Structure formats: structure tokens, C-alpha cells
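**Q** Given next are the chains, with one letter for each unit.
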Amino acid sequence: MNPLNNPTAQAVDNTLIYIFGFSLLLLLAITVVTIYFVIKYRRSKYPEPTSDAHSNWIIETIWTIVPILIVLTMFWYGWSNYIGLTSVPDDALEINATARMWSWQFEYPDGRRTNRIYVPVGKPVKLNLTSVDVLHSFFAPAFRIKKDTVPGMTTYVWFSAPETGSYDVQCTEYCGVGHADMLTTIEVMSEEDYAEWLKGDEQKTAEPPGLIVLNEQGCTGCHSLDGSANIGPSLFELAGAKRQIDRDGQTIEISIDEAYLKKAVREPDTEIVSGYDAMMPPYDESIISNEDLQSMVDYLLGKAVVSEPVLDGAELIDNNGCLGCHSNDGSTGIAPTFQGIGNRDVTIERDGREVTLKVDADYLRRALLEPDADLVKGYPPMMPASDYLSPAEIDAMIDYLLKQ
Amino acid sequence: MSAHEEHKHEPVPYRTFVLIWVALLILTVVTVVVSRIHLGALNIWVALVIASCKSSLVIFIFMHLKQESRLFKLGLLTLLVILAIFVGLTFTDILYR
Amino acid sequence: MTETTLTNKGFYTDSPRSGILGWLLSTDHKRIGIMYLCCILAMFIVAACLGLLIRLELIAPGVTIMKAQTYNATFTVHGIIMIFLFIIPSVPAAFGNLVLPIQLGARDVSFPKVNLLSWYCYVIGAILAVVAIFSGDGAPDTGWTFYVPFSTQTHTNVSLAALAAFMLGMSSILTGINFVTTIHRLRAKGMTWGRLPMFVWSLYATAWIQVLATPMLGITLVLVILERTFGAGLFDAARGGDPVMFQHLFWIYSHPAVYIMILPGMGVISEIIPTFARKPLFGYWAVAVSSLTIAFAGSLVWAHHMYTSGMSDFAILVFSFLTFIVAIPSAIKVFNWITTLYKGSIQLAPPMLFALGFIFNFSIGGLGGLALGAAAADIHLHDTYFVVGHFHYTMFGGLGFAFFAALHYWLPKYTGRMYNHRIAVIAFALLFVGFNVTYMAMQAVGIQGMPRRYYDYLPEFTTLNVVATLGSWVMAIGLIMMFYNLWRGVRKGAVVGNNPWGAATLEWQIPSPPPMDNFGPEDPVVTKGPYDFKGVVADEY
Amino acid sequence: MSIEHRDDTGARFGMWLFLYTEVILFSGLFILYAVSLARHPHEFAEASHKLNIYFGTVNTLVLLTSSLTIALAITAIQRNKIRQTIILSVITIVLAIVFLINKYFEWSAEIGHGIYPGSEHLAEMGPGITVFFNLYYFTAGLHGLHVLIGSSLIGVVAILVAKGKVTSDRYTLLENSALYWHLVDLVWIFLFPLYYLIL
Ligand code: HEA
Ligand code: HEA
Ligand code: CUA
Ligand SMILES: [Cu+2]
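Residue numbers (my numbering), protein chains in the order written: chain A, 250 to 653; chain B, 43 to 139; chain C, 2 to 542; chain D, 198 to 396.
Hints may be right or wrong, so weigh each one.
The calculated lysine to aspartate or glutamate pairs, modelled on EDC-like cross-linking and capped at a C-alpha distance of 20 Å, are [as the list claims (entries may be wrong)]: (1) LYS115/B with GLU219/D; (2) LYS626/A with ASP644/A; (3) LYS68/C with ASP339/A; (4) LYS115/B with GLU321/D; (5) LYS344/C with GLU441/A; (6) LYS344/C with GLU343/A; (7) LYS372/A with GLU343/A; (8) LYS375/A with ASP417/A; (9) LYS626/A with ASP314/C; (10) LYS375/A with ASP138/C; (11) LYS652/A with ASP533/A; (12) LYS344/C with ASP648/A; (13) LYS491/A with GLU502/A; (14) LYS535/C with GLU343/A; (15) LYS68/C with ASP301/A; (16) LYS607/A with ASP567/A; (17) LYS278/D with GLU110/B; (18) LYS114/C with GLU240/D; (19) LYS529/C with GLU309/A; (20) LYS535/C with ASP648/A; (21) LYS108/B with ASP205/D; (22) LYS190/C with GLU219/D.
Calculated from the structure, these hints are not laboratory results.
This structure is a prediction, so every number in the text was calculated from the model and none was measured.
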């Protein structure tokens, strides 16, 4: 445990040193005295005991009181330092960490997902921990911090790294086969590098004006752009899409067009997509200028020259921790490898019978969304369903895999 | 400490048992009635208090604890203390989480 | 039986029923004790060899001899067998049955039939455990702690293993009930509480824990089984349950259980030290009462296993405090043992060596426990190899050594033959050295931050892991030597008289091995304390 | 020839110790109950309304009465009134059976409503309620098991009484099975208000 000059590590080390120091003294004292007695009063020298003192209340009370005092100091020292581990500085950068079998996922305030922690040097960081399946535990030895991730509960740790570098993170709550492989790192960067990294992905998504409006107006708060369900209907691939809508009383089907969209923004309550409540506030010119509305609609109908946020399948697979179980290099550990998955046959067990089929897009989709349906022969059903991913992301992954 | 100084209890007269039984029935009715009156969180405590009364009647009379030696009573006390500890210390977590 | 033949074969021969049934249906505490002893030793050897395998896997990073799943099953089974089948019944069930009634001046325990029943519960439990390993979809892989939600989700044979542990708990409870009643009801004339041997006192405290804590394990495991069968979701956050509650229920038993493990060991030590110092135990009442305090305080500290579990900080405050309090009685015992040596006449016979080894190892383990009890320190140490080191120091270095001490101390009594002392000493040396090398290394690598239950580890932990593995081999040699020596002693060692060590408790005043009815026609009458060595002479052998 | 040695007080004490273990066994479930109640008081109140209070009350009365009869049986055997003893024990067993029949109807009614551990109807009713009913089924189930064991125990002893194996000066067996039966009653005394009555 390389002694680090970071706050949490110091709090813990103080306690450790204090207690170990005391323990060492006590142990030495006990051992030395014992050995001394054993040698001095050996039977060959003293055939009979030279005293039969069998109790002495004074010393007995003494060595009851003394240990009490000793342990009480240890207790207090341990507790007061523990407080330091729980009190997070106000200016801490908050990152949400989600543990799952057997990988970590970290989500930044701007919604970016990664599988390592990237933080600026010297900045206090608060990790909000939770788990989607079983218990795990976040352990960063260099910072002496550890906390279980409990499904349905949010716990936290905080740390602050004074020096740049890469620090190990291990899972310390037993969670099955992948337990020992559930590793990641904390990458502490200089301010500049961190700023760079933050920009990093933004270049990728040169946002079209329409999208910018959608974000500014907070539309995306209720409407997803990637097909995932939300308070309002998704705005994913609207061009020409058919929708059931309730217009004055009866339900009719229409295909989405410019007129409809504009109406839906200016006076939403007149035409509600079936199954959704009329709760969207109307946006008039004073809020959304006609130009903005136009660019928005263009964007939604795919007319605008959109440089779609490119989804990198490889990166998704990495960030979503697939590699916790599946390998890229052909080694089969917990789960089948990705190497050459694009063009190979798999033998699967479907309700008892063995079926051999060629890997294709819908096989992979099924494997991602309902993993236990078709199990590759010889592997236990333990893969979590990836239904938290958006269709777009799933597609990206599948494309990537088929290319393998 | 052998079987010879084994003292038999006096048989408890039927009357006592029947009386206790009546008392128990009455207490049962009481809990049911009280539980229908809305006292909020108090309900649960009332119910527990009454249940404790009932159980102590059963323990001391029906189960002859009254006639047993001190050892038996100390044993029961230990049990209750331990139970209190289990519940109490568990709640140091639950209530302050 | 070659060379010096043993004239009286005591309870081995004079039994109403002869042959194997005479054992399997015997309600005699000595025979039951012997049966327990055999099963427990067998179980220990099995689990110990699993321990060796664990070490072998960890000799280098990455997969060495087994894959992750195998490894997980290995340490789980190792842990379950060691805890439930070896260490918990080891001293109480085996030596308790052999020695306790005789030390009280009784002819048997209060409920001989129940005693036999508890042995059968043990055997059934053992069988179930073994079946659980080789049947179903693979050996349990939850760790001996059965934590939910993992234990309710894994496909391995957890339910059966839990059932096994349940039966073993049953057996432990029955033994406990038997001992408490026996100690209260069957003390011979003149055997006042002030004259009880310390071994009896410690078993008394232990028995109370067995009675009052074990059922909690029972219900917890039953709930796990129900979870797996009905998916009731009592511990499932999504369905309004609370995973942390399982940990509470589990440790409510399993912390007191660690005192079920250590207290009898302390009792053994408190017998051996006075005998080989020919001096009354220093502070009789302090030691006796401290056993009861440990038993009681032990039920107050369970959540010190849960500092990082996400339970409330207030609970951490309370439990950390109580944890330190529970260390005091142990400290008192240690000090009293050492003072007993003062101005004594000390003979370093094998049992004494193991007893001294116990004090050293247990002190290390216990002091390590203090580091774990401190809130801040435990955050770093929890679920690292420091914990593994801690509990091997307390369980193996503590109770394990006490158990070996008891073997060397009482086997001559119950077999009538003496083992070879020189070999015993060498074996002890190897075991002691190997032990400390192994587990010191583990504690060190734990402080460096190596998590437990890892079949693979970061490269920087390699050196210490290699050291630990080498140590375990030394330990293995020592152990094999010890078992071999004892075995040879039992077969054809020199015949011993009633009292080879010159001890003063009752069991040494009757023939070895003892006759079926222990004391012959009339009941013994006790006139002096357990450690009053005046006029007691050791017979030659 | 392990020395059988008579010690009635010892036997009774052993029985009490065993009862302690039973209490702890149930206490595990009651702790879970307390914790869950603290976490979802409203769901628990709502759920307990779904339980049929009449079944509960009737069963309470039945058990209390059976406790009485078995207690009387002790006095009877102490007074060497063998016939009375047997009759009283039999009544106790009958009451036990009544209790179980009651439970059977109650449970089949609830299961009819799709309320049983692991049912999806239960899952739909939301977290707190699921916990309530699962706990209710497990606790009541465990208790029912004890009723079964206890009554068969009494049955056996009654036969021994008839055979004259259990007599007015050697009736520890009867006493202990009575003790066990009272425990069954005690558990129910707490189970009843906690599950049927909380508002
Ligand atoms: C025989 C078994 C045994 C014994 C006796 C002990 C004894 C103690 N244990 Fe241990 N413990 C275990 C078996 C045992 N333990 C096991 C199996 C685990 C892990 C379970 C798992 O997770 O798998 C564990 C885990 C464990 C933890 C949780 C660690 C973690 O998971 O984070 C803690 C934390 O407080 C702890 C504390 C203690 C303490 C304070 C004592 C005290 O009782 C120690 C008292 C003894 C002494 C203090 C030393 C002797 C006295 C002196 C040398 C005199 C000087 C002393 C003073 C002045 C104080 N133990
Ligand atoms: C009394 C209890 C006890 C004992 C004695 C031991 C003994 C040993 N244990 Fe222990 N161990 C536990 C209880 C015990 N263990 C528990 C409870 C766990 C936790 C499990 C879990 O995490 O769930 C654990 C976990 C555990 C781990 C951690 C696994 C992990 O977390 O990844 C390791 C790793 O080294 C280990 C190693 C050993 C070793 C090397 C021994 C050695 O000391 C064994 C010594 C014996 C030998 C070296 C073999 C000698 C040979 C014989 C005796 C045969 C003789 C033959 C004849 C006589 C014919 N054990
Ligand atoms: Cu995740 Cu261990
Ligand atoms: Cu503990």
C-alpha cells in the first residue's frame, strides 16, 4: 500500500498505523514475558511451583481497566477518521457508477458513459454507486475507499487524487465467476488533458441546428431521440412513420409530416398520439421562432444534412462491459468469444433441443435482448439482457459484431 | 443434585386455569375491538402490549413457570434480553439509514 | 495390539451391544465423543486439502490449476466444511462429549438419546454437504456466507448446501441443550460452581450461544431456500425487500458462532496451562466470568462484518464501539494465562507447546480483529486477505491449535497409550512456523489491497502469495507428521497410567481408557478444586 | 449400559431450552416483519385488510382453548385421573385439527384470489404488499407445521397414557408436549394481531 498523500488514504492510514503500532507492542510484551517465564520457571529448575498465588484483585482490575482505555482510544480514532471518509467536499464532481456482472459503468453529468473513471487531478470526486444485479463493491486501494453497490440502493464514496496517474479499482464483494475480473481503473488527468477529454466526444457530434433547438427547449426531457420510451412519444426516425392519434374524440392513423409536427408543437392538445396524456405545453412564436421550428422539423424528418452521432459498436461493447465475459481474442472464459462471431455457426439449446444455426443479425439481437432464450451450448444462463440500450445502439453493436 | 430431592408441583386447580382462559378470551376481544379504533402508529403498540399480557398469562400459569425454580425464570429473562438486543440493534441500522 | 498390551480396554469393550451397532446405537457419551472425533478429523483433512488446492491456484496470477468457477466452489466448500463440519463441533461435540460428564462427576449427559440424535444430525448434514458438492448443477459457489441476491440467483446447488448447514445447526443446538442441562443438573456431590474446571465453564458459555444464536441461522437459510423455490423476494429490493437484512440475520448468528468456535478452545488452554505449570489457574473467577461475558457481548457486535454494506453510519458507530468492548474479556484471559506461568514449574510437553502456540496465534488474530473493528481501518481491510489472515489466525491458529492441544492432552486418557514426544515437538515446530509464514503473508498482502475470493490477482501481489503457498506446504508436512505420530501412538504407543500429566481434574483419577460407567459402583464426591495439585503425582510411562 | 438417570426437572429445563430455540427461530421472521413494517407502513396496513379477520379471531379462540385443555390435562394426570387426561388431550388434538381446517379454508380462499408466494397477481400489488404476504405465508406456514408436530406429539403421549406408560408420577412427557403446545399458542398470540389487526 504505497502511502498516498490523499485525504481518504491518510484518514485510514492514521488509524491503521495507530492500531497496528499498539498491537505490535502488546504482542511483543506478551510474547517476551511468556518466553521469559517458560525458560525461568522450567520444571528441571523448579520441580515444584514456588508460589501458588491464584488471584490478586488489584492487578486483575488494573489489566481490566488498561485494555478498556486502550481499545476506547482505538475506537475513537477509528470512528473520527471514518467521518472523514463520509463527508464529501461541496465542490465534488459527481459521477454515477453502476456495477453489474461483471463490469463497471460510469455516467458523467453530461450523460456520457464510460467504463473507466476519468477525473481531473486534485478535484474531489463523489461516486454514487448502485448495482443492477447482485452485490458488488467498489474498492480503490490507493485511496483506501470501499463501498458495496446494492441493488435498489444508492451508496457513495469520495476521493481526490493529488497526483495524475492510473489507479486500480477492484470488486470486493463476491459476485460470481467474474468477480476477480471485475477490474477497472481511475485515470487521473491534468486539468488540460481532462478538458481535452471532455471535448473529445463533442467533435464527433457536430450538432445540427434542429437538434440544438430540441435540446435547448428541453424537448428531449420528455421525447427520446433514439426510440426509447419516455413521458412523450419518441422522436426517433419520424419521417413517414405511421402513428395512431386521437383527434377530437376518435382515433385515426396518420403518417407523420411537416404539417403535423408543426401543429404538434404549436397546439399539442389537438392531436395527441394515442396512449399519451395531453400534458405538453403549447410553444408559440414567442418561444420558438418559425425558423427554429422549421429547422427542428427538418431535423426530425431527416431532411437536414444530419451528421448523425456516429455510434461506434466497438466502443459500445467496451463501455457496456461485454468484455467482462466475452473475449475479443478467441479465448473462451465465461462466455463465447467475439472473435469471428460474424461468420460462424453456433449450437444453441432452445427449449431442450439442440439447434445449430448461422449467426445473423436477428440471432445477435435476440442474444442481446433475451439472452436466456437461445443459449449457446455449454454456457450457463447468466448474461443480463441489454434492453437498457437504445435500438440505435443495439444496431451499432450488431453491425460491429457481424464484421468480426 | 440428583433425582431424589425432586419436588413435585402441587396440581393447579381447574378453576385457576379456566379463569385464566376467560381472561385470555376477554383480552383477545379487546385487541380486536381496539384495533378497529384508529390510533395510527399507536395501534401496533397497543396490540403488542396486550399480546405480551396474554403471553405472560400463558407462560406463568399454563406453562407452570410460576412454580418453577429461579433458574427457569432467569433463562426466560436471558432469552428476552437477547431478543431485545437482536431487534434493537438491527434498528440502529434501519431507522438511521 | 502389539508389544505392551493394554490390560483394560474400558468403554471400548464393556458395552451392552457388541460390534458396530454397539457404536452406532450407543448412547454413551464417550463412544459418541469418539464417533464425533473420527468424523470431524476426516472432515478437517478433506477441507484442509482443499485449502492446499486454493493455495496452489494462488501461487501465480491467472489460471494456474483451476478455472474461476472451480475455484469459487473450492473455497466455498472449504469454508463450509471448515466452519460447520470441523471447527464448530470440533472441541464441544468431540471433546465436550468425551470429557465434560467425567469432569462433572456424572455418568453421562442429561439426555443420552438426544446426544446420539445430535450425532446423527451431524452425519446427515455431512452427507448432504457432500451430495451438494457432487450433484445438481455443480458445487455451491456462494462463499460460506450465502449472501443474497447472488445466492438466490446462482444455478449451483445452494439449496442443498443450505439444508446441510441447517441440519448441522440442529446438531449443534441439541448438543448445547444437553450441555447446559447437564452442567446444571448432574454435578457430583461437592462439585460446586467454584470447583468447575474451566473447560466446563467455557462449554457452559458456548452451549448458551449454541442455543440462543443457532436458530437464527436456521431460519435465515430456510428463507434462502424459500427464495430460491418461490422467489418470494423478501431480500429483493425490487420487490420491497432489503438485501442488507439478510446480512443482519446471517451475522446475528455467525458472529456469535465465532465465539462458539473459540470459547471451548480457551477452555482447553485453561486446563492445560495450570496442569503443566502445576499451579492453580490465576484469577479463576475472572476467567470464568470472562467466558460468560464473551458469550453475552458476542451477541452485540454482529454488524462489524457490514461496515461497507451500506448500513447506516449510526449503526457503524454503535457496532464499532461494542466490537472493541468484546475484546476486553479475551484480553483478561490472555493476561491470566500468562500470569499462571509465573513462579510455576513449567513442563514443555506437547500439549503445553500447542497451548502456548495458541496464545501467540490467537493474540495476533485477535489484535488483527481490533484493526478490523475500527470503522476507518475496516473500510480498507474489509473483504481483503487481511480478513482471511485474521480468521485463519483465530480459527486455525486459535481453535485449531487448541484442538490439537486437546488431542495431545486427552488422547492418552481415552486410548490408554502415549504418542512419541520428540516427533510431536518437531511436528509442532513445522506447523507453527508454516502457519505463521502462510497467514502473515496473507495479512500483509491484504493490507496491500488484495481482495479475497479472487482466483486471479494483480501482479504486484505475487511475491507474498508465493510465500503463503510455500508456508502452506511446511504446514502440511507438520500436520501430516502430527497425525501420523498420534495414529502410531494410538496403535502401539507406550501404555499410560491413570494420570500421565499429573492433572487434578476428575477424569484423571479414573482408569484410562475409562470404564463404561466412568466411576464404578458409587458416585464420586468432590472435595477439592480442579487445579489443586497438592499430592497429585504424574504416573510414569 | 449408559446409566439412565431420572431427573424430571432436568427434562423440563431441557424442554424450555428447546422452546427458546423455537422462539429465536420465529423471531427471525418477526424481525423481518418489524423492519418491513417500518419501511412500508401503508402497504402493510392495506395488505392486512385483505386478510380475513374472522378466520384469524376464530383460530385465536380455538388455540387458546386448546391451550386450556392441555393445561387441564396436566392437572388431571397429577391427580391420577387417567380418563380425564386422555379426553382432554383428545379435545386438544381435535381443536388443533379445527385450527388446521380453518387455515385450509382461509388459505384456499386467498390462493383463489391469486395471492400466494411468487404469484404474479401478488407481484402486481407492489413491493410492500408482496413482502407482507410472503412473510405472512412463511410465518403462518411455519406455525402450521408446529401445530401439526405438536398435536401428533400429544397424540402419541395420549396413547402412552392409555397404555399406562405415562402415569401420575412419571408424566414429564405429557408436561413437555404440553409446553410445546403452549409455545405454538404463544407464537399465534403475536402472529394474530401483527398480521390480521394492524390498521
Ligand atoms: C474463532 C473465530 C474468531 C474469533 C475469536 C474472532 C475474534 C474477533 N474478531 Fe473476527 N472474524 C472471524 C473469526 C473470529 N474472529 C471470521 C471467520 C471472520 C470473517 C468472516 C467472513 O467474512 O468470512 C471474522 C471477521 C471479523 C471482522 C469483519 C472483517 C470484515 O469482513 O471486514 C471483524 C471486524 O470487526 C472482526 C473482529 C474481531 C474481534 C474484535 C475479535 C475479538 O474477539 C478478538 C479479541 C482478542 C484479542 C483482543 C487478542 C487477545 C488479547 C491480547 C493480546 C491482550 C491485549 C489486548 C488488548 C489490550 C485489547 N472479525
Ligand atoms: C478452521 C477453519 C479453517 C482452517 C483450518 C483453514 C485452513 C486453511 N485455509 Fe481456509 N478458510 C476458512 C477456514 C479455514 N481454513 C474459511 C471459513 C474461509 C472462507 C471461505 C469463504 O470465503 O467463503 C477460508 C478461506 C481460505 C482462503 C481464501 C480463499 C479466497 O478468499 O479466495 C484461503 C487462501 O489461501 C485459505 C487457505 C487455507 C489453507 C492453506 C489452510 C491450511 O492451513 C490447511 C492446513 C492443512 C493442510 C496444509 C493439509 C494437511 C494435510 C492433511 C491434514 C492430510 C493428512 C493426511 C493423513 C493424516 C492421512 N482458506
Ligand atoms: Cu462484482 Cu465482485
Ligand atoms: Cu465477527
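**Q** Hints the structure violates: just list their numbers, smallest first.
**A** 2, 3, 4, 5, 6, 9, 10, 11, 12, 14, 15, 16, 17, 18, 19, 20 and 22
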